[in-house]
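Peer 1: Next come the chains, spelled out residue by residue.
Protein chains: 2
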Amino acid sequence: MSEMKIPYKIYLSEDEMPKAWYNLRADMKNKPAPLLNPGTLQPMTREELDGVFCDELVKQELDDTTPYFEIPQEIRDFYKMYRPSPLVRAYCLEAALGTPAKIYYKFEGNNTSGSHKLNSAIAQAYYAKNQGLKGVTTETGAGQWGTALSMACGYLGLDCKVYMVKCSYEQKPFRREVMRVYGASVTPSPSPTTAVGRKILEKDPNTTGSLGCAISEAVEVATSTPGYRYVLGSVLNQVLLHQSIIGLESKIAMDKYGVKPDIIIGCAGGGSNLGGLIAPFMGEKLRGEADYRIIAVEPASCPSFTRGKFAYDFCDTGMVCPLAKMYTLGSGFIPSANHAGGLRYHGMSSTLSQLYHDGLMEATSVKQTDVFEAAERFARVEGILPAPESSHAIKVAIDEALKCKETGEEKTILFGLTGTGYFDLYAYEAFHDGKMSDYIPTDEEIARSLGQLPQVD
Amino acid sequence: MSEMKIPYKIYLSEDEMPKAWYNLRADMKNKPAPLLNPGTLQPMTREELDGVFCDELVKQELDDTTPYFEIPQEIRDFYKMYRPSPLVRAYCLEAALGTPAKIYYKFEGNNTSGSHKLNSAIAQAYYAKNQGLKGVTTETGAGQWGTALSMACGYLGLDCKVYMVKCSYEQKPFRREVMRVYGASVTPSPSPTTAVGRKILEKDPNTTGSLGCAISEAVEVATSTPGYRYVLGSVLNQVLLHQSIIGLESKIAMDKYGVKPDIIIGCAGGGSNLGGLIAPFMGEKLRGEADYRIIAVEPASCPSFTRGKFAYDFCDTGMVCPLAKMYTLGSGFIPSANHAGGLRYHGMSSTLSQLYHDGLMEATSVKQTDVFEAAERFARVEGILPAPESSHAIKVAIDEALKCKETGEEKTILFGLTGTGYFDLYAYEAFHDGKMSDYIPTDEEIARSLGQLPQVD
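Line by line, the protein sequences are chains A and B.
Going letter by letter, the first sequence gives residues 122 to 578 in my numbering.
Going letter by letter, the second sequence gives residues 122 to 578 in my numbering.
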């Protein structure tokens with residue numbers, strides 16, 4: 122059995138690491154729909170986007186035909202600080218489950234930002250620096266994206282202004298402190314530093330903020346400060362492009378050992394991890410070279426794929442950003458308190474939405490306490506304390522492995538373990554103390570929110 | 122230049138991982154002095170120790186002639202979940218410092234316990250399980266050791282009772298929560314669950330606890346509960362033996378690339394990391410096969426090596442544990458509040474103490490704010506957010522690299538990066554806010570504490 126030769130962890134050598142990102146859109150017959158200008162409802166032009174994003178990133182955002190983008194040497198050097206990330210054979214989990222399935226996971230948590238977000242943060246910061254910009258602005262909710270961007274900017278000597286949702290700023294002082302280590306300025310949002318922030322504060326001085334408001338502030342600062350641009354950690358095509366490094370490394374490692382996954386599973390919030398993990402596999406599927414079962418896992422509290430609508434919608438609750446065609450619950454949808462902050466997004470990447478719409482992947486939703494049960498089960502046998510977001514994928518991977526136990530099938534399962542839960546211990550505490558909510562939105566709530574969708578056609 | 126071929130991170134393959142721990146004492150001419158029974162002041166016998174520790178661990182503790190102990194297959198399998206740990210070439214730090222020195226660090230933080238402690242925790246838990254015991258007890262201050270032991274016990278299905286110093290229990294709820302994920306029971310100490318705890322609480326119901334008291338409680342429970350033993354994360358010979366995996370992996374990786382360190386640097390609290398890191402290198406030095414400059418780094422607030430006395434002393438403040446001959450500040454010494462909790466120990470491993478006494482290694486102490494300055498400098502270029510303990514080694518590595526910059530010498534520096542600082546962000550906050558103390562004990566304070574040393578000869 123060649124099976125026996127597979128190590129617990131597969132690390133590619135530096136020479137084996139991908140030298141180009143893969144642009145999944147190039148192989149899609151039905152391309153994702155373009156972003157629309159929120160004022161004119163016409164497709165955003167390159168010129169319009171240039172004012173918000175760096176030039177090179179706009180190019181990547183709009184290009185749906187070039188299959189590969191070379192990764193600049195400087196980014197590849199940065200990647201070497203924390204990549205290749207290990208592809209882990211979950212021998213211990215398999216044994217604990219007593220399943221004939223072979224489980225693999227690509228672990229993206231071995232860096233200080235604690236997640237895959239760093240893969241795109243360094244790329245976006247690099248292009249900003251390369252364009253001679255002084256700095257970038259962004260928003261952060263749970264703080265993983267803000268941390269990743271701070272690290273990238275600290276490394277390149279680029280100024281980094283993070284608008285952090287006020288309640289997170291106060292409840293997650295540790296995340297804020299990590300960003301300070303890397304030299305970022307972190308402002309609780311809403312803040313008096315912007316017009317939109319002042320307006321909101323005037324209306325409600327005690328507001329705890331929202332992601333939509335933080336986005337509006339970050340965009341305002343970027344577009345009104347010379348030498349600054351706005352950057353975003355998910356949803357966008359450019360982000361999925363950079364995150365393809367996850368899937369490319371996974372595929373190289375699996376190919377090396379002659380392993381082919383039957384099922385690929387990833388958690389889905391805005392889609393950055395899932396889009397990156399599945400990229401080269403979906404590419405083969407699109408080109409008719411191979412077939413894979415691909416499953417997106419979302420929280421039952423925020424079920425964009427499984428209960429949302431495929432339509433044009435605003436990317437932000439503030440309705441200042443472009444519209445994207447995507448599976449959405451409506452930009453006014455407010456998910457119930459869920460500890461997987463990275464998955465509390467009303468919409469979904471346009472690329473993944475199109476693929477799902479075309480029947481090329483599945484989606485499923487899982488309840489919060491089930492997710493934490495799976496997380497703890499995983500932690501005890503595989504050692505790693507997973508992030509709540511990542512644990513959505515763990516839950517479904519375990520379910521699929523248990524199905525194999527029933528049927529006796531030796532399926533190969535690959536899932537994305539996006540990050541660690543070191544900053545999510547209040548959530549684990551709530552789980553241990555039986556204080557975790559499993560609230561699922563009613564049909565009425567979702568219908569109400571979807572009733573507010575903008576009229577586009 | 123073969124130099125150019127060295128990757129950023131060197132990972133050994135599973136086949137290259139050490140299959141035996143190295144027992145440094147076997148090569149020492151002057152053996153470390155034996156532990157003494159606190160009652161009789163006679164060397165502790167195997168029988169006396171058997172009541173406290175597992176049989177196999179007592180054997181390892183007392184054996185100062187066998188050079189290698191085979192690592193059981195089950196432990197090697199567990200090691201594969203998070204080892205080999207990377208040996209990192211600090212290219213980015215070198216460039217930032219503009220030094221001709223070549224800097225390497227062995228990074229032990231890529232596991233959920235966040236430090237090297239897991240290397241010994243799994244070994245101690247394994248031998249307890251193998252002896253048919255039901256569980257183990259221990260104390261934890263900052264929480265790294267308790268977390269590591271919880272992970273090991275959770276994996277083996279062994280009960281784990283952790284006595285956590287009450288102020289840490291309250292101030293570090295996250296650490297406590299991680300231990301709960303792994304199924305450990307965590308009790309704030311002093312507690313009403315033990316005789317010694319009740320006695321202390323009766324005297325002072327509002328006490329915030331101490332490590333000495335937590336040790337006393339853990340030992341009481343271990344020795345009075347059938348099927349339980351006590352385990353300890355540092356200081357002991359057995360712990361240094363298990364931690365030799367750090368140095369052995371480092372040496373195999375360096376030998377593979379034809380690299381020989383000139384200077385080896387490690388932080389020193391009880392000595393578990395330093396003793397493990399230097400083991401095979403010190404072995405060569407003892408056997409006259411090679412020479413290395415070896416530097417122990419301790420906090421100026423708790424300077425056992427640099428300002429302590431080489432004498433028999435109690436290992437715990439409660440004076441219930443055996444006496445060890447070591448560099449000590451006196452078991453009654455209370456270090457000023459220092460954020461490197463893992464280095465706040467009055468004594469030092471007997472083995473390292475003997476080596477230092479025999480002039481085979483150097484020691485230096487560094488101030489807290491200098492340590493955090495070095496930590497932040499490191500984090501910004503190397504990405505990793507270091508633990509305050511580890512940052513003591515970073516500080517001296519940077520100093521040595523800067524000396525090379527002055528002299529133009531191309532020295533090779535190896536240091537131990539023991540762990541990550543994800544649970545130390547209050548410390549980073551104090552540093553950023555200028556609220557960090559640099560208190561150094563006065564000569565009078567140290568003399569007063571040393572005046573209380575037990576009379577042994």
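Just so you know, the hints here were simulated from the structure itself, not pulled from any lab data.
Hints are supplied without guarantee of correctness; some may be wrong.
Copies of the same chain look alike in the list, so a pair counts if it works inside one copy or between any two.
Stated by the list, open to error - Computed list of lysine-lysine pairs in DSSO-like fashion (alpha-carbon distance at most 30 Å, straight line): (1) K406 - K250; (2) K250 - K130; (3) K377 - K130; (4) K255 - K446.
Peer 1: Work down the list of hints and note, for each, if the structure agrees.
Peer 2: Hints, verified against the model:
no.: 1; hint: K406 - K250; verdict: neither (36 Å within a copy, 48 Å between copies)
no.: 2; hint: K250 - K130; verdict: between (35 Å within a copy, 26 Å between copies)
no.: 3; hint: K377 - K130; verdict: both (13 Å within a copy, 20 Å between copies)
no.: 4; hint: K255 - K446; verdict: neither (32 Å within a copy, 58 Å between copies)
Checked against the numbered hints given earlier, the structure breaks hints 1, 4 and satisfies all the rest.
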